[in-house]
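Protein chains: 2
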Amino acid sequence: MSEFNVIGRRVPKQDGVARVTGRAVYTDDIKLPQMLHGRILRSPVPHARIVSIDTSKAKQLAGVKAVITAADMPRSGFGYGKDNSPLKWEKVRCVGDEVAAVAAIDDNTAEEALSLIQIEYEQLPAVYDPEEAQREGAPLVHERSKNNVSFSWTFNKGDVEGAIAEADVVVEDRFRTQYINACPLEPHICLASFDQAGNLAVWVPIHFAFMFRKDVAEVMGMPWSKVRVIQPAIGGSFGSKIDTEPFHFICIALAQKTGRPVKIAFTREEEFLAARPRQPMILDIRMAAKKDGTLLARDVHIISDNGAYNAWGSHALFAAMMSVTSLYRVPNVRFVGDVVYTNKPYGGSVRGFGNPQATFAIESQMDILAQKLGIDPLELRLKNANQPGDVTVQDVKITSCGLAESIEKVAQRIGWSEHHGKGGNRGVGVASLIHVGGGARIYKSDGCGAIVKIDDGGDITVIIGSSELGQGSETVQAMMAAEELGARLEDIRVINSDTAIKPWDVGSHASRSTFISGMAIKRAAEQAKKQLFEAAAQKLEARPEDLESLDSKIFVKGSPDRFLTFGQAARADLLRTGGDVIVAKYFYDPPNVELDRGFFGNVSATYAFGSHAAEVKVDPETGAVDVVRIAAAHDVGRALNPMGLEAQIEGGVAMGFGYAMTEELQVKNGVIQNVSLLDYRVPTVQDVPAIDPIIIETIDPIGPFGAKGMGECSTVPTAPAIANAIYDATGVRIKDLPITPEKVLRALEEAKETSKDGSEGGLIDE
Amino acid sequence: MSEFNVIGRRVPKQDGVARVTGRAVYTDDIKLPQMLHGRILRSPVPHARIVSIDTSKAKQLAGVKAVITAADMPRSGFGYGKDNSPLKWEKVRCVGDEVAAVAAIDDNTAEEALSLIQIEYEQLPAVYDPEEAQREGAPLVHERSKNNVSFSWTFNKGDVEGAIAEADVVVEDRFRTQYINACPLEPHICLASFDQAGNLAVWVPIHFAFMFRKDVAEVMGMPWSKVRVIQPAIGGSFGSKIDTEPFHFICIALAQKTGRPVKIAFTREEEFLAARPRQPMILDIRMAAKKDGTLLARDVHIISDNGAYNAWGSHALFAAMMSVTSLYRVPNVRFVGDVVYTNKPYGGSVRGFGNPQATFAIESQMDILAQKLGIDPLELRLKNANQPGDVTVQDVKITSCGLAESIEKVAQRIGWSEHHGKGGNRGVGVASLIHVGGGARIYKSDGCGAIVKIDDGGDITVIIGSSELGQGSETVQAMMAAEELGARLEDIRVINSDTAIKPWDVGSHASRSTFISGMAIKRAAEQAKKQLFEAAAQKLEARPEDLESLDSKIFVKGSPDRFLTFGQAARADLLRTGGDVIVAKYFYDPPNVELDRGFFGNVSATYAFGSHAAEVKVDPETGAVDVVRIAAAHDVGRALNPMGLEAQIEGGVAMGFGYAMTEELQVKNGVIQNVSLLDYRVPTVQDVPAIDPIIIETIDPIGPFGAKGMGECSTVPTAPAIANAIYDATGVRIKDLPITPEKVLRALEEAKETSKDGSEGGLIDE
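Residue numbers (this note's numbering), protein chains in the order written: chain W, 1 to 766; chain A, 1001 to 1766.
Simulated from the structure, these hints should not be mistaken for laboratory data.
The structure displayed is predicted, hence computed values, not measured ones.
Where hints are given, some of them may not hold.
Cut-off 35 Å, straight-line C-alpha distance, at most; resulting in silico cross-link-like pairs (DSBU-like, lysine-lysine) [claimed, not checked]: (1) A:Lys1530 to W:Lys539; (2) A:Lys1257 to A:Lys1290; (3) A:Lys1082 to W:Lys553; (4) A:Lys1257 to W:Lys214; (5) A:Lys1059 to W:Lys31; (6) W:Lys31 to A:Lys1444; (7) W:Lys214 to A:Lys1539; (8) W:Lys82 to A:Lys1082; (9) A:Lys1059 to W:Lys557; (10) A:Lys1031 to W:Lys31; (11) W:Lys530 to A:Lys1539.
If you want the ones that stay clear, here's a sample from chain W, every Cβ over 10 Å from chain A, calculated [to be verified]: (12) Arg9; (13) Gly22; (14) Asp29; (15) Gln34; (16) Ser76; (17) Gly77; (18) Asn147; (19) Asp168; (20) Val170; (21) Gly293; (22) Ala500; (23) Asn602; (24) Ala647; (25) Thr684; (26) Thr740.
Just so you know, even glycine gets a beta-carbon here, dropped at the ideal spot from N, CA and C.
Assemble the whole structure, with the sequences as input and the hints as a guide.
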C-alpha cells in the first residue's frame, strides 16, 4: 500500500473536460464593454530603412479609433541588450517587424485600415546565414554588434586540448537544426484595459506574469504597481508565450491612446510569422574518449542563428551549454556559443530551450563515437552515465539520478538486444538527456509564493504564484495540497491567474512548477493544517499533536469515531469568540543560491534525466522513415500523478517526433514560406508513432514528496534516438534536422558511392 | 493639520468613472462559452392550487434546452421556517410565484417557450389585508400558520402599563407604511455554471456571498465546498439583493440539467414583480411622558404585512424593535411585532430594514407629543436624547453618540427658530434616528476576514471578505489600508469578488462594512507593515522600531534621506536567500458577543445616530408639497471619506424622499399594478430636493480610526422630518406613506371641518 493517499493516483487533468468541450474561458472569449480590436502592420521586407509612413487614410476610415506608429508610443528598448522596440522607426530588421498598428471597432475594419497605411521602405542588404553574418563586410543587423555577434557564452574547465591529444579516439562533427514553430492551438493574444486612475489590466496567456508586468512597466514608463496581469485559460504555449513581445506593448499603447479596452489576437498566419520560433543552431562538436569508452573531453562551438533581436531565446545556449558540460561524466569541457544576429525571425523559448538542439548533437555523436570505438551505444552511455552524488565540471550537483535506469528500461522495452545492429533497413536507437528539474536561477530569486485558505465549507483554495500553461500543474498542485493536508482532492481548488491575487513567482519555465510551487504549497499547507488542527483540538478536546487527517476529516489518533470534517473544524475556528479564518502563506526559493555564478554554476536544485529509444523502418527506395514506436523513460523523482506524467511524455515525444521528422519553418530570403497548418507539417495524432511512456522514480531528496520537474524533458532526446535508429537501420547518419525522406534518400545514395572506403558511412563532415 | 495622511481626504469612488462610462463589468456583461438564457414562468394568480402543468410543447420548441418544474429540481424549503421553495408545486401563494422555467439558446426563444407552457390553476380564496388575515376563518397562506401569523417578536421591559397610568400625557396613533421597490439600476441577475467535477460557480450580485453558498448548497443538496460565488460589479442593491431567491436556485438547476452555463436576468417588469420590496407595516404606538417632556414609556404593536413567504424581510421587525426600545431614553418599553402572511409580494430587506417604518411612526409621534405637551419638538428630542455611556432598556450599549449634536446642527441649518411654527403653508420639521453602526449579530459570527499582500511593485492588494454593493466600501477600505500602512492610496487595490479568494465574512448588511471590514483591514495591514519593516530594516541597517512610513516609502525616523520605497522593501524581502512574500491575514469579529440573546441584546458594537430637518411649502389648493430642502446630519464616528459620506447621505435622503412622497407599489388583489419606471415614481435627480449633508464626528472608541457605519441611516428619518414639516406648515398630520397631494388635500379639507374643536387638528386616530 502506498504511503500516500492522493500522491501517486492517476488523476485526469482537472480542466480537461472544459477544454475539450469548449467551456474553458480563453482570452479570446473575454469581451469587455466597449472593447476595440487591434491589428499590427508588419514589415514585408527583411532589412530596410523606413523612409515614410502615411497613416492619414487609415485614420479617416470609419470605425478606426487609433492608428499608431513609433512616434505615438514609448520607443523604449527591451529584450536582452534592449535591442528590440515595440514599434520600429528608422529601420526594420526582419520580416514581421511591427511598424504601425490600428485599433478599430471590429477586426475587419482594423484589417482594412492596415491596407490604407502607406509605408515607403528603402531596402538594405540583408544577411541570413549566421556564419556569413560574422564575415568582414557583412551587413550589420544592429550597428553596435560589429560582426553581428550579439554576445557569446564561454565555458572552459579542465584541459580540453590536452585530453584530446592524449585520447584514443576523437570524433568531430557538425550538426544543424532548424526553425520550428511551437504551434499552440491558441495563437498569441492580448487584451489590455486602463481604468480611470491609469491602472492597467492585461489579460494574456503568459509564463512570467510578474516579470511581464515589470517589462510592461519599464517599457511603457509606468509604475509596476499600476500593472495587473490576468491569465485566462491558456491554449498551449510550449514556451512560445514566455516572452513579453512587441504586440503586447502595442496592444497596451492602443488601449492607452483610445481609453478603451483593446484586444490583439494573432491569426494563424501571424502566429507562424511573428511568434518566436525555436532558433536554428549550427553545432560543431568534438568528443574524445579512451579505448574503453571513458569520455575524456568535449569541445563544442555552437552558433545560434538568433535572428533579428534578442528575445528569451538568445539565452537558449544556457541549456545547450549545461547538457554539453553535464550529460555523462566528462572531465574536460570547452564551450563557446555565439548568438548571431541575422535578418530573420528571432528565436524564442520552445520546450527544452536549446537542449533539443544540443542533445541532438551530443547524442548523435555518442553513437558515432560508439561506432568508432566498437562499443555498443548502450554500454557507452551506461559506462559514462551520471550517478547520484556526481558534481559535473560545471559544478552541477546531481542528487537523484535515474539516467542509467532510464537507458536500461528503454533498451528493454524497445527490444535492444533483439533488434540492434541487425540492419536490413530496420533499426533501433537510443538517446538520453539531462535537464534542469527544479527551476533555473535566471533572476535573483527562483522562488514561488503560495497561500492556502480553508473555508467554512471545508473547501481549500491554493493561491499559487506559478502559471498553468496547459501542462496540468493545477492538478498536481491540488494533489500535493490534498496530500499534505489530508484532504480529499475534490476539496481543493487552485487559483493562479492574477498578479493582484497571487503571491510572487518568477514565472513558469525550466520545468520548475511542480518542484518549486510544490514546495511552497507543501509548506503553506503545513501551516494551514496547524491552524486547522488547533481549532479542531479545542472542539475535540484533544491536543493538536494527537490529531491526524484523512479525506478532509480530522481524527483523534486511534479513535475513528472522534472526528470533525474540515468544514466543521474551519467553522469551529470561525464561529467562536475571537474567531479566525484559516489562511497561511509560504514562499519557497530552492537552496541552490549561486547568484554570483549565474548560468554557469549549479543552476537548479535538481536535475532530470531520461532516455528515449526509437524503432524505425526505412524505405530504401523513397527514403521514407517509419518511426514504429518510441519508448520514453523519464526520471521524475516521484510520480505525483502518473497519468499527467504519461501525458507529458506522450506530448513531448510527439513534439520531439515532429522536430525530428517533419517540422520546419522554411525561411527563404528572410521570409517564412509555410505560414499555415496545411503547409507547416506539425504531426497529427495520425502521424505520431506508438509511444511507450515509462516512469522512473528516484525520490529526489529536496523536491516535494521526492518529485522533480520533467515538463520539457520528454521532447529533448527524441530526435537523436530516431537519428541513431536510422543509422542502425541503414548505416547512414543524418546530422541536420528534420530528417526528411529526401535527406535520407540522398544519404543512402551517397553511402552506396562511398561504401568502399570502409569508414562509418553516411554524411561525415570530418 | 490632520493626524492622518489619507483618512479624512475627499476621495471619489474608485470605480466611479468605470460605472458612469459603461466600462464596469456587470454580471450581464459576462458571456460564457455555450451560455444559455433562462426565463421563469410565474403565477398570474395570488392563491391557487396547481392542477396541472404541461411543458411538452415548450420542450419541442427549437433552441429550448430544458424546461423544468418542481418535479425536476429539489423541493427543499428555504427562508425562515423553510416556508419557501424554488419552484412551486401543489400551490401558489402570490402573484409572481415561480412555477416553471426554461433554458434556451437566447432570450427570445426562452420567452416564447414560456408562452407554450400550459398551467391549469384552481383559484383559492386569497387574503390581502394583514389584519383580516388574522381573523377566524380567513384563508390560510400556509396551513401550518393557523391565523396567518408566521411568528411574533415580543419585548417587555419595565412597567409599561404603570408608567402610562402615571404619565401626564399619553399619545396613541396608528401609522401605516407602504410597499416600495428598491429600484436598483441593475435588475436581479444570476449566471450559473458547473464544471466537469460538479463544481458550481455562480456569478451574482449579492450581499451575503458565503451565506449564499450555504443556502445554495443546502437547497440544491450539494456540499458547500462545491459552490463558488463570484460577484461582478453590482448595479445597486439597497438591500434588495440580500436574499437567496427562488430564481437563483432555478438558474442553478437549469445549469445542472443542461450541463451548460445559464443566465437569468430579470426584466424591469420582473424586477418590480419579483424583487423583494420593503414590507408595509401597520404601527400602533402609544407614548407616555411627564409634563416636562421626560419620556416614560412606549407601547408598540407592529403588524408587518409580510406577504407570502419569509424572506430576510421577515426579520425587519428586529430593526424596528431596536428603534422602539432605544431611540431616546425610554425606561419602560413593550413591543409586539407580528409577521403576518398575506397572498401578496413578500418583503425583503430594503435600506434601513424595518427602521424607516418604525422611525416614521416614532418620530411623527414625538412631534404629536410635543404639540400636546406644548414643548418645542427640538427641545423634547434634546431632553430625551441618548447620550454616550447610556444603556437602553434593550441593553443597547451606546458608546459614541452624536444624536443631540445632530439635532442642533440640522435645526441651525434649516433655520429652525426662524421658520418653525410660523404656519402659512410653510414649515420645517425634524426627525432623528438610531441604527446599528457596527454590524448586527445575525449569525454566530459577525466577523470579516482580510488578507493584505504587498508585491514587488510596492502595490498592495487588500482581499476582503465583505462585498461592495455600490456604496463605495472599496474606496474607504483602500483608504484605511493606505492609512495604516503609510502607503499612497493609488497603490492599494481592493478585491472582494470571489468566495474562492476572499476570506470569510458574514455578508454586507447592517451598515457593517466600514466598521468590521475596516478593523480586519487595519489589523491585517499592521501585520503586513511589520513584515515590510523587518525587510526594510535589514536593508536600511536600522531597527524596525526606528522606521516609519509615508507615501509608500519607509524612512529611518529623523533621516528623510534614508528610505526605501515599498517596492524596494518588498523586493528586499523577496530577492534574498530564504526570501519571503509579504502576506498577512486578520479576522475581526466585534466584541459585542451575546449569542444567547440574539436580536434582543446589544446587537451591534456601536450605534449610529442622526437627524434630518426638512423645509416644505404646501399648496393648499392642490395638496402638493414642495420639499424645498433637507438638512441631514449624521454621526459617522470619524469621517474617513467625507465625499463618500456626503454621497451616501445624498443618496439616502433621495430614497427617503421617494419613500415619503412618491413611491408606492400599488397592489390590487395581490397584483402589483405599476411595474415600470414610468408608472412607479422613483424620484429623479430633477425631483430630489436640495440636500445639505452634515457630518458629525464622535470618534467611536471601537471602530477603525473611530469610524462607524451609516450606509442605511441617511434614508431613515427623511419621511417623518417631512411629515413633521407638513404639520408645521399646515397643521395636518399625515400618518400613512406616501404623502401624496391627494392625502394632504383631503387632510386639509377635514382639518377645516374639525378645526373648531381646538384639538391638534389633522388626522388623529385617538
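Tested hints:
1. Distance restraint check for Lys1530 (chain A) and Lys539 (chain W): the Cα-Cα separation of roughly 32 Å lies within the 35 Å cut-off, and the hinted pair is therefore satisfied.
2. Distance hint between Lys1257 (chain A) and Lys1290 (chain A) is unfulfilled; the C-alpha atoms sit about 67 Å from each other, more than 35 Å.
3. Among the hinted pairs, Lys1082 (chain A) with Lys553 (chain W) is consistent with the structure: their alpha-carbon atoms are about 29 Å apart, no more than 35 Å.
4. Under the criterion of a C-alpha separation no larger than 35 Å, the hint pairing Lys1257 (chain A) with Lys214 (chain W) is inconsistent with the structure, at around 45 Å.
5. Pair hint Lys1059 (chain A) plus Lys31 (chain W) holds up; C-alpha atoms about 31 Å apart against a cutoff of 35 Å.
6. Between Lys31 (chain W) and Lys1444 (chain A) the alpha-carbon distance is near 41 Å, which puts this suggested pair outside the 35 Å criterion.
7. At most 35 Å may separate the alpha-carbon atoms for a hinted pair to count; Lys214 (chain W) and Lys1539 (chain A) meet this at roughly 22 Å.
8. Among the hinted pairs, Lys82 (chain W) with Lys1082 (chain A) is inconsistent with the structure: their alpha-carbon atoms are about 66 Å apart, more than 35 Å.
9. As the CA atoms of Lys1059 (chain A) and Lys557 (chain W) are separated by approximately 55 Å, the hinted pair breaks the 35 Å bound.
10. With a CA separation close to 8 Å, the supplied pair Lys1031 (chain A) and Lys31 (chain W) stays within the 35 Å bound.
11. For the suggested pair Lys530 (chain W) and Lys1539 (chain A), the alpha carbons sit about 32 Å apart, so the restraint of at most 35 Å is met.
12. Its beta-carbon lying about 15 Å from the closest one in chain A, Arg9 (chain W) satisfies the requirement of being farther than 10 Å from that chain.
13. Against the 10 Å criterion, Gly22 (chain W) falls within the reach of chain A, whose nearest CB is about 5 Å from its own CB.
14. In this structure Asp29 (chain W) is not separated from chain A by more than 10 Å, as the shortest Cβ-Cβ distance comes to only about 6 Å.
15. The beta carbon of Gln34 (chain W) is not kept farther than 10 Å from every beta carbon of chain A, the shortest such distance being approximately 6 Å.
16. Distance check on Ser76 (chain W): its Cβ is at least 17 Å (rounded) from any Cβ of chain A, clearing the 10 Å threshold; non-interface status holds.
17. Look at Gly77 (chain W): its CB is around 21 Å from the nearest CB on chain A, clear of 10 Å, so calling it non-interface holds up.
18. Separation of Asn147 (chain W) from chain A is adequate, the least Cβ-Cβ distance of about 36 Å exceeding the 10 Å criterion.
19. Taking the minimum C-beta to C-beta distance to chain A, about 46 Å, the non-interface status of Asp168 (chain W) holds against the 10 Å cut.
20. Listed as a non-interface residue, Val170 (chain W) keeps its Cβ farther than 10 Å from every Cβ of chain A; the least gap is roughly 43 Å.
21. Listed as outside the interface, Gly293 (chain W) is consistent with that label: its C-beta sits roughly 41 Å from the nearest C-beta of chain A, beyond the 10 Å cut-off.
22. The claim that Ala500 (chain W) lies off the interface is violated: its Cβ sits roughly 5 Å from the closest Cβ of chain A, which falls inside the 10 Å cut-off.
23. In this structure Asn602 (chain W) is separated from chain A by more than 10 Å, as the shortest Cβ-Cβ distance comes to about 14 Å.
24. No beta-carbon of chain A is positioned within 10 Å of the beta-carbon of Ala647 (chain W); the least distance is around 16 Å.
25. No beta-carbon of chain A is positioned within 10 Å of the beta-carbon of Thr684 (chain W); the least distance is around 25 Å.
26. Listed as a non-interface residue, Thr740 (chain W) keeps its Cβ farther than 10 Å from every Cβ of chain A; the least gap is roughly 40 Å.
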